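Chain A is fixed; fit chains B and C onto it per the hints.
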Amino acid sequence: MSIPFPTTRRSIIVALSSSDADVRERAFDTLVALYWKPLYKYARIAWRRSREDAEDLAQSFFARAFEKETLAAYDAKQAGFRTFLRLLFDRYASNEHKAEQRLKRGGGSVHLDFDAAEAELGRDEECRSETPEQFFQREWVRSVFALAVERLRAASEANDFALFEAYDLEDDRSISYRELAARFGIAETTVTNRLAATRRRFRAIVLETLREVTATDHEFRLEARALLGVDAS
Amino acid sequence: MRWISNDAIGRLRRVADAPDFSGTRYRVIGELARGGMGVVYEAEDTALGRHVALKVLASELTGGSERLADHGDRMRREAQIVARLEHPGIVPVHDVGVLPDGRLYYAMKLVRGTRLDAWAHERPRTEVLLAFVRVCEAVAFANANGVVHGDLKPDNVMVGEFGEVLVMDWGVARRADEDAGVIAGTRGFMAPEQERGEAVDARADVFALGAMLAALTDNRPRPLAAIATKATARERSDRYASARELAADVLRFVEQEPLVAYRENVVERTSRWLGKHRALVALILAYLVMRALVLFIKGF
Amino acid sequence: MNKVLLGLLVGAVLGVIDGATAWFTPAVRNDMLGIIIGSTVKGMLAGVLAGWFARRVHSVVAGVVFGLVVGLLFAFGVAAMGGGLYYFEIMLPGGVTGAIIGWATQRYGRAPQRSGIPATAL
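Those protein sequences? They're chains A, B and C, same order as listed.
If you use our numbering, the first sequence closes out at 233, no skipped numbers anywhere.
If you use our numbering, the second sequence closes out at 300, no skipped numbers anywhere.
If you use our numbering, the third sequence closes out at 122, no skipped numbers anywhere.
Bound conformation, chain A alone (with noise of 0.2 Å):
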């Protein structure tokens, strides 16, 4: 059998121990661009943090991370990285630690955009009958396919992203391929080709995201498992 699909980005979190710094610091990057948006929600909503709060944890809790290295300690054997993450800021969040030695800390080495994660909070009516774990994971799954959208419209012909955001990113579902034809002036058979070319593409992202995002072929597809939403039976 032929290896199902090709793996050009290594995986962050081997490359996190790296001894080299700019290869650390990269992969560290994709991890905050992952990872941000579900801690601070989740620090919002399942540890009701006041937005001042959470906005502090997330910041300190990544610039840590970043200087200490704690995330190094990282041990595929013993869990998924996804949880390891959750737990480590967790136990983050419940030491007292000094505001004021946080915000130290913090100053100045993430910029995180905490006004559109507010947003996106009120617009979430789901959030509040999850447990942490589930709220958690569907904020991850919504991050990892964020990151991948953002990935496949920076590879993508603008035409072509134009219309897999019409077709399967907007909610209105109401659009149909003649619409679509109409709308961007191709035939009909064109928005067909072009969608399935697109999310051909996207497909390949998404899995080299997961890939990029975990360390073990085990992880992977525990990982895929969580974010296509299949359940483990």
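Calculated directly from the structure, the hints in this document are not laboratory data.
Please note: incorrect hints may appear among the correct ones.
As the list claims (entries may be wrong) - In silico contact screen, one side only, chain B against chain A (beta carbon under 7 Å); selected entries:
| id | residue |
| --- | --- |
| 1 | M1 |
| 2 | R2 |
| 3 | W3 |
| 4 | I4 |
| 5 | S5 |
| 6 | D7 |
| 7 | A8 |
| 8 | R11 |
| 9 | L12 |
| 10 | R13 |
| 11 | V15 |
| 12 | A16 |
| 13 | D17 |
| 14 | D20 |
Predicted model, so just to flag it, every value in this text is computed and none were measured.
Even glycine gets a Cβ: it sits at the ideal position worked out from N, Cα and C.
Same frame as chain A, but now just chains B and C:
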């Protein structure tokens, strides 16, 4: 970054999980069903210009798949065996292959009909039992040809427009003489020996059929319950030796004849006999009433 | 056993029994032998007809109705020959006996084969 709504997550999940049929002769038209084992699509076979049902087994991603990939060749071989089973009650497998993304698929006849459990709902018991007997016959045919289905359940049986019964999902069947299967059946319908991963034979299918019989009928009278119990015995030597024997006992139940699975008492035997010969009993009673009537009139 | 032969036998047996019940009517006890012979012949004729009918029509209801009608007709004939004294006593049970024969010929006995293929291959 763009806001991804919960609805959009659902759609993206499907996009990300959608099989890639580029380079195959199939063009997917839509999704028909989704289950633990994989997803079934309606597709057009562009080479032959006909519609087929395409079952794509759970992806490399979504688990169980490492083993699937390892056993791809073997599964293909098994699909070939199943493809040779020609029986009106067996949905034929047309084709089997591997998608560019490593997932195994097989194409089978597109069946338009109703799932057996939905069909059986609120239908007279006798009609359901006769359909069940036809399922048994199809399975018995496969078993006799050395193929064990291994995942029989009401979901895998369709009832067509004309009441014809079609047993589906033979793509995961295996040769009876082979070792433990690659793919587990469905809990509740799986024989204990199959659950333990041991080699299975036709009696594993008998077990599943027994579980199916129980699932399809409620308020079972004791003889019918006894049939299901015998078919689902923990020890396979206690079960019916074949689906054909199971079918024969169910038919005997329908025809109100004595069963293999059930020893009845005198009262049950009598009431069964009276029930079976209702017309005769009524006629004899009518005769006696006439005679009594004649004597009675004469008496005055 | 084919259906005509079966009808003949069932008709004969039921005819004997039916005729024997005349014993309960003291007025005719002296003619028992004649009554039983007549009743048996009547039953056999009804049986042959019902058996012939069952070969053609496969329906329990139709068979029972056919048997009933034939039984009534023969019983009417017998009653008329007997001087018309016992229409009720003869026709009522005679009709039901015919119906039972009709039922038996539908339910049992081998139907004729419609083609050259042996039944076991079907």
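key: Supplied contact hint for R13 (chain B), tested at 7 Å Cβ to chain A   = Hint on R13 (chain B): holds, closest Cβ of chain A at ~5 Å, below 7 Å.
ask   = With a cut-off of 7 Å, does the beta carbon of R2 (chain B) approach a beta carbon of chain A closely enough for the hint to hold?
value = holds (6 Å)
ask   = Taking 7 Å as the limit, does the beta-carbon of W3 (chain B) come near enough to a beta-carbon in chain A?
value = holds (6 Å)
task = Identify whether the interface hint at A16 (chain B) stands, where standing means a beta carbon of chain A within less than 7 Å of its own.
result = Holds. Min distance 4 Å.
key: Per-residue hint verdict: D20 (chain B), partner chain A, C-beta under 7 Å   = With a minimum Cβ separation of about 6 Å from chain A (threshold 7 Å), the hint on D20 (chain B) holds.
Satisfaction of the D17 (chain B) interface hint, Cβ to chain A closer than 7 Å = With a closest approach of 5 Å, the D17 (chain B) hint holds.
ask   = At a threshold of 7 Å, is the proposed contact between R11 (chain B) and chain A supported by beta-carbon distances?
value = holds (5 Å)
query = Should the interface hint for S5 (chain B) be scored as holding, given a Cβ-Cβ cut-off of 7 Å against chain A?
reply = holds (5 Å)
request  = Return the status of the interface hint for M1 (chain B): holds when the least beta-carbon distance to chain A is below 7 Å, violated otherwise.
outcome  = holds (5 Å)
request  = Would you check whether D7 (chain B) satisfies its interface hint, that is, whether its CB is within less than 7 Å of any CB in chain A?
outcome  = Because about 5 Å separates D7 (chain B) from the closest Cβ in chain A, which is inside the 7 Å limit, the hint holds.
query = With a cut-off of 7 Å, does the beta carbon of A8 (chain B) approach a beta carbon of chain A closely enough for the hint to hold?
reply = This hint holds: A8 (chain B) lies near chain A, its Cβ roughly 5 Å from the closest one there, short of 7 Å.
key: Restraint check, 7 Å cut-off on beta carbons, for L12 (chain B) near chain A   = At 5 Å from the nearest chain A Cβ, L12 (chain B) passes the 7 Å test, so the hint holds.
When each numbered hint is compared with the structure, no violation occurs for any of them.
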